[in-house]
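Trainee: Sequence:
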Amino acid sequence: LAPTSKTVKVIILIHLLRNCSWKLQEVAFFCLHRFAQRNAIHIKYYKSGRQHRDSTSADTKTNGSGWSTICMPLTPDNRRIFYTIAEYKNLLDSSNCTMDNWIQVAQHINLFYDEFDAFIVLHGTDTLAYAASCLSFILEGLRKPVVVTGSQIPIGELRSDGRENFMGSLLVAGGGYQIPEVAVYFFNKLLRGNRVVKCSATDLDAFTSPNYPPLAEMGVDVNIHGANILAPSNDTLEVKVQDKLSRNVVLLRLFPSITTETVKSFFKPPAEAVILQTYGAGNVPTNRPDLLEVFKEAYEKQNIILVNITQCWSGSVQALYATGAILAKYGVISGYDMTPEAALAKVSYVLGKWSDNKTRRLMLARNLRGEMTIPVEAPVKKSQSADLSSLSVGQAGLTQLVGYLGAYLSEPEVNKKATAWASHLFPFLFCSAAAANEVDELDQLFKVTGTFEVRRANFLRDPSSLRRASMRGHVPYALCFHRHRVSFCWVDAHASQIFFWQVLSSLKGPSTIAGFESNHGPKGA
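Reminder that position 175 of the sequence shown reads as 175 in UniProt numbering, one-by-one numbering, no gaps.
The set of hints was computed from the structure by calculation and includes no laboratory data. The structure displayed is predicted, hence computed values, not measured ones. There could be a bad hint or two in this list.
[As the list claims (entries may be wrong)] Pairs of lysine-lysine, DSSO-like flavour, derived with a Cα cap of 27 Å:
| no. | residue 1 | residue 2 |
| --- | --- | --- |
| 1 | 268 | 296 |
| 2 | 268 | 353 |
| 3 | 240 | 264 |
| 4 | 268 | 301 |
[To be verified] Computed Cβ-Cβ distance ranges for the label pairs, DEER-style:
| no. | residue 1 | residue 2 | range |
| --- | --- | --- | --- |
| 5 | 202 | 90 | 25 to 35 Å |
| 6 | 270 | 199 | 30 to 40 Å |
| 7 | 76 | 163 | 30 to 40 Å |
| 8 | 301 | 201 | 22 to 32 Å |
| 9 | 237 | 313 | 16 to 26 Å |
| 10 | 301 | 156 | 33 to 43 Å |
Beta carbons are placed, not taken as given, at the ideal position from N, Cα and C, and that holds for glycine.
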């Protein structure tokens, strides 16, 4: 590759296609038997059109996997995306999918996690929203993009939307954007996976996110809405798959004149939780004491967890009327604006991970993966000024000040103007930390923002931060990036080398580079 190229490695898992005609021309098949036997998977190699040309190091170096890769043309920002396609031996119609299939996908993402910078799952559209919601919960500690996509028209058809969805997913996943969550790319939009519902059986614009704005939109340019992207969790730095999910979860959609016997049948063993889909803002008929008695008995005697979500696409559960407030008396947990797909995935995940109902109820009331919007009451502000008398002198005081500023500026619910201020202030603080090699301040910034890409202002594209750190050989600064799981593919748009190697190459002697390579992979991995 040219020295100025940026490389990104992406794997595509073709798993649960409703339309099994995702076929491209000029396809060469090969199978790694040992790998296939272990993982029930085989690799599809698509010829890149460069097979008769002089091969590059990226063509021949496979990091031990033995996989061939496909090379995309350079993107407008001079980025090179390499991807590998893995396809399960037995493809399923997505209507036949179960939680076991999605757990299998998550386990393979975990298996390949250190070898690739992003992941794309090609899935049938019938249960795509369920799949994305499930993956968003069971992939714990995720810090790389996982994009789920598919097509309404089979890709072998002339008018297929599969090509655009596939290419858009590749550009979003491999474009160097920090999107550390499960998302759905469809019809030029990137949506949060656990906010998606299928809105049409025939339209190409088949998915929508009624209660949350897009993470990105694709037009002439790629518009990333950084403020909408979920910050990675600081609970764990390792990716884990929660493979225990409860299947004893019921979705009960209320309707006028529903009989008591019908409702009771949903609460029979082995039901552990019931998700109530109620009217409007979470209302149930108060003139039906027979139904309320069923809910009360389920909570007090059967120890069944009840979650309340609305039947409406848009809007949230709120205790605005007596018909909605009465459910709180019977221990019903508000699901706010969760979709049915997200509610099912979340309850199954929580019941599988925790065994005692007290913890279960606590976790169900929390926003775990950005799946629901919890109303925030505006705090009473005693003073607009902050008490800075306790700040230390020098760099330690600056680190403390970062915490104070971050706590205020990173909360748009408190001050909506904070987003604009944060987009200018935090990149400047990152640059200052780079120049001074202040790792403690960098850690503090990460704790405040939860990401190194703050409010659409990506300081990694600002040459001052990278140049200052690399020219001074600030290895701890680079290692701090690695500790927070920043992908190795991230590079300075104005530099000629990958940032980590730019820093390490400034050291005297090759020993440190060799040691870093042995621990974290070769250059460009």
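Trainee: Would you mind marking each hint as holding or not holding in the structure?
Mentor: Going down the list of hints, with the structure as the test:
1. 268 to 296: Roughly 14 Å separates the two Cα atoms, so the pair holds.
2. 268 to 353: holds, 22 Å
3. 240 to 264: violated, 37 Å
4. 268 to 301: holds, 12 Å
5. 202 to 90: 25 to 35 Å: holds, 28 Å
6. 270 to 199: 30 to 40 Å: holds, 33 Å
7. 76 to 163: 30 to 40 Å: Hint violated: Cβ distance 19 Å, outside 30 to 40 Å.
8. 301 to 201: 22 to 32 Å: Distance hint for residue 301, residue 201 is violated at roughly 42 Å.
9. 237 to 313: 16 to 26 Å: violated, 36 Å
10. 301 to 156: 33 to 43 Å: Cβ of residue 301 to Cβ of residue 156: about 56 Å, so the range 33 to 43 Å is violated.
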